[in-house]
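Chemist: Could you build all of it, start to finish, from the sequences and the hints given here?
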Amino acid sequence: MKLENVVKKFGDFTAVNGISLNIKKGEIFGLLGPNGAGKSTTINMILGLLSPTSGKILIDGIDMQKDPQKAKKDIGIVTQETVVEPELTAEDNLMIFGRLYHIPQQELKKSIDFALKLSDLEGFRKTYAGTFSGGMKRRLETAKALMHTPNILLLDEPTTGLDVQNRTKIWGLLREMNKAQNVTILLTTQYLEEADQLCDRIGIIDHGKMIALGTPSELRQKIGMSNVIEVSADKEDMDRLKAIFKKVGLEPQVATNRITAPGGSKATEKIEMLVKAISASKIAIHNISMHEPTIDDVFLKLTGSEVRDQTGEDTSRTRTLMGR
Amino acid sequence: MGLVGDTYTLFLREMLIFKKSLGTNFARALLFPIIFILFLGSAGSSPKNVPISVVNYDNGLSALNFINQIQAGSSLKVTSATTEQQALNLLSKGTVAAVVVIPTGFSSGTANEVYMYLDGSQPQAVSVVTGTINSVASKFQADVVTPNAAEKGSQGVSVISNYAYGAASNYESYVVGGILIMVAAFGSVFGSGFTVLSDRQLGNLKAFLTTPINTSAIFLSKILIGTVQSAFSAYIALGIGLLFGATIAAGALGFLELLWIVFLTGLGFGALSVALASRMKQLQTYALIAQSTTLPLSFLGGAFVPVSLLPATLQATAVVNPVYYAINAVRDIMIKGYLPFNALVINSGALLIFSLVMIAIAAILFKSTSDQI
Chain A
15 MKLENVVKKF GDFTAVNGIS LNIKKGEIFG LLGPNGAGKS TTINMILGLL SPTSGKILID
75 GIDMQKDPQK AKKDIGIVTQ ETVVEPELTA EDNLMIFGRL YHIPQQELKK SIDFALKLSD
135 LEGFRKTYAG TFSGGMKRRL ETAKALMHTP NILLLDEPTT GLDVQNRTKI WGLLREMNKA
195 QNVTILLTTQ YLEEADQLCD RIGIIDHGKM IALGTPSELR QKIGMSNVIE VSADKEDMDR
255 LKAIFKKVGL EPQVATNRIT APGGSKATEK IEMLVKAISA SKIAIHNISM HEPTIDDVFL
315 KLTGSEVRDQ TGEDTSRTRT LMGR
Chain B
1230 MGLVGDTYTL FLREMLIFKK SLGTNFARAL LFPIIFILFL GSAGSSPKNV PISVVNYDNG
1290 LSALNFINQI QAGSSLKVTS ATTEQQALNL LSKGTVAAVV VIPTGFSSGT ANEVYMYLDG
1350 SQPQAVSVVT GTINSVASKF QADVVTPNAA EKGSQGVSVI SNYAYGAASN YESYVVGGIL
1410 IMVAAFGSVF GSGFTVLSDR QLGNLKAFLT TPINTSAIFL SKILIGTVQS AFSAYIALGI
1470 GLLFGATIAA GALGFLELLW IVFLTGLGFG ALSVALASRM KQLQTYALIA QSTTLPLSFL
1530 GGAFVPVSLL PATLQATAVV NPVYYAINAV RDIMIKGYLP FNALVINSGA LLIFSLVMIA
1590 IAAILFKSTS DQI
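Respectively, the protein sequence lines represent chains A and B.
Residues 15 to 338 (my numbering) make up the first sequence, in order.
Residues 1230 to 1602 (my numbering) make up the second sequence, in order.
You can trust all of the hints, since none of them are fake.
Each computed DSBU-like pair below joins lysine-lysine, with the alpha-carbon atoms no more than 35 angstroms apart:
hint: 1; chain 1: B; residue 1: Lys-1249; chain 2: A; residue 2: Lys-183
hint: 2; chain 1: A; residue 1: Lys-39; chain 2: B; residue 2: Lys-1596
hint: 3; chain 1: B; residue 1: Lys-1435; chain 2: A; residue 2: Lys-87
hint: 4; chain 1: B; residue 1: Lys-1435; chain 2: A; residue 2: Lys-80
hint: 5; chain 1: A; residue 1: Lys-84; chain 2: B; residue 2: Lys-1248
hint: 6; chain 1: B; residue 1: Lys-1249; chain 2: A; residue 2: Lys-124
hint: 7; chain 1: B; residue 1: Lys-1277; chain 2: B; residue 2: Lys-1368
hint: 8; chain 1: B; residue 1: Lys-1249; chain 2: A; residue 2: Lys-87
hint: 9; chain 1: A; residue 1: Lys-23; chain 2: A; residue 2: Lys-39
hint: 10; chain 1: B; residue 1: Lys-1435; chain 2: A; residue 2: Lys-124
hint: 11; chain 1: A; residue 1: Lys-124; chain 2: B; residue 2: Lys-1248
hint: 12; chain 1: A; residue 1: Lys-183; chain 2: A; residue 2: Lys-193
hint: 13; chain 1: B; residue 1: Lys-1435; chain 2: A; residue 2: Lys-70
Quick caveat, the hints were computed from the structure, so don't treat them as lab data.
As the structure is a prediction and not an experimental result, all values here were calculated from the model.
Modeler: What follows is the structure, given as C-alpha cells:
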C-alpha cells in the first residue's frame, strides 16, 4: 500500500497535509495520532470514502481514484463502530457481506464457514447478532472483514472497549492472519502498548503531517530518551511538580496527571534528588518510577499530548446510537 | 455482479431484517387502517337510532300516524318539541341530527308537506333521515320541504348532493381507497428513508461504501424495500377494508390493477423519502418532515374528502399532487369498476413521472452526501 504526497482539504482547513507512506506486504503498521490529527481522514481516503484533494493512493498498485471497485476488493475493514446487523443471524451477516464483496456463489458457503471458525462463533451460526456480547460482535466484525481474504486489513481501533480476554483473542487472530496469509495490516489504536507489541512499524501523525515513522525501537531511540523518570500525582499538583523537576535539572513533559523526563546516565541520582524535593514540598504523589521509554513516552514527547485522554469522548459517542 | 446483483444483495438484507420482525411489521400495518376506518365512522352498517326532533303543529290523526311510521324501523329516535324554535335549538347544539315540522292542516289535507331541517355536519345521519322521511312521506303523498336551518348556514339538504360516491357504491369503498394510498405512501416513508437514516447512524452505510459495490445499489435497494413494504401494508389495509364492507367494483382483476397503482405510489414516495433522508442526520427531523409532507398530500389529494369539496385555491394544488392521481386511479378501480383508458394513461403516467423524477433527485442527493458519511 502506497500513499504519495496525499493532501485533503475541507474548505480552508487542511486535514491531511502531504502524507507519504509505503507499507510493505505482510507488514503490521500502526498509525497513531491525537484526535483531529488527520488519522480518520487518512483512513477514509484509503478506504475510498473520501477523495484526496491531491496526491495518489495505491492499493496493491491499483489507484483508488481510478478503479475504486477493484481496489476496495483488496481491503478488509474493521471500524470503531461495530457494524454487525443485530437483526440478522451471524451466518446472514456474513452472507450479506460476502455477497457485497462479490465472493462467487459457489465459494460463499466455504467463506462463511471459514469466517465462523476464525471468529470462534461456530456454535452461534443461527443466533441473531443482537444477542451477542460486545466481544463476540467485534470478533464477528473482524471475521467479516477477513472472509473475502483481502491482502490488506484496515483496523480502526479494533480493541477499544474490549475486555482483556477478547482483546487477546483479537490480537491472536490478527497475528495468525498476518503470519498464515501474509496479510498486510494497518491499524489505529489508542492503546499504545498494543501498537508497541503488535506493530512492525509505527507512524505518528499530528496536524496532518507524519512527524515520526519507524520501528518501535527506532522511535524510542529517536527521541533520545533513556531511563525515563515518571511521577504521577493529582492534576492540581502538576505545576508545582514541574517546577521541582526543573530545579533538579530535568526536562519535564507534562501529561494530564503524570510528568515524565529523560533521566539520562545520572538517572539514579536525579530520582533521589527528586524524591527529597517532593517530600520537602509535601506534595502527595501517587507513584514514582523509572523505566525504559515506551511508545507512550515517544508520543507524549512528539505531540505534547496523550492519546487516550483525547479519544475518551470519542469512544463513548459511538455506543450511544440507537438501534432499529 | 454489477448494479443488479449488488442491489439484490442489499435488498435481500432488508428483506431478512423485515422478516425478523414480521409480527411487529404486521401489527403496525394492521393498526393504521383499522384506526382510520373506525375513526372515519364507516365501520359497520348504517347508523341506528339517529335522534331527530319532531314539531307537530297539526296534532291530527294523520300526523300521529306519520310519526308512528317514521319511528317504525328503529333507524330514527324521535323526540317531540312544542315549537320549531325549541327544536332548532336542539339541532344547533347537535342533540338531534334533524328537525321535522308537521304543519297545521296536514291531517285535513290543506297542507300537503312536511318541513325538514338537517345538520350537514353529520352526513351519515343525514342520509338515514332523508331516506326514512322521504319513503314515509311518499306513502302520505306529502312533499318534503327542506328549508335551510338558520343556525347551520347553508348546511341544509344541499350538502347531501355533494357526496362523491354514487348510488352503486358505499362510503367504505371510498374511504378504504384513500386509506390504501395513504398507507402505501407512509409504508415506503418508513421502509426507505427511515432505514437510510438508521443505517447511517449505525455506520452501515459507511460499511457498504467500503465494499466494492456499485454505490447506486445502496439507494436503489432502499427505494425497492420501501416499495415492497408499502405494498405489504396497503394490501393488509385493503383486506381490512373489505372486511368492513368495502367492495372492489372491478372484481378480481381489480386486485392486480390496485397493485400496479400501489407499486407506483410506493416507488415515488420511497424515492422521495430517500431524497429527504439524504440530507438529514436526525431521525426526529426526518419523521417530522416526512409526516408533514405525506399527510397534507393525502388530504389535498382527496384521500378522505373529494378534491371538489376543497377551497378553490387548494383544489388547484391537486394537479401536482401524486396522491391525487393515485386516488383517482384507485377510485376508478374500486368504485367505478372499470379503467377508462385515458384516465389510466393520465393517472399511471403522472405517477410514473413522479417516481422517475424522485428517483433522479434521490440519486443526486444521495451521491452528493456520500462524502459526509
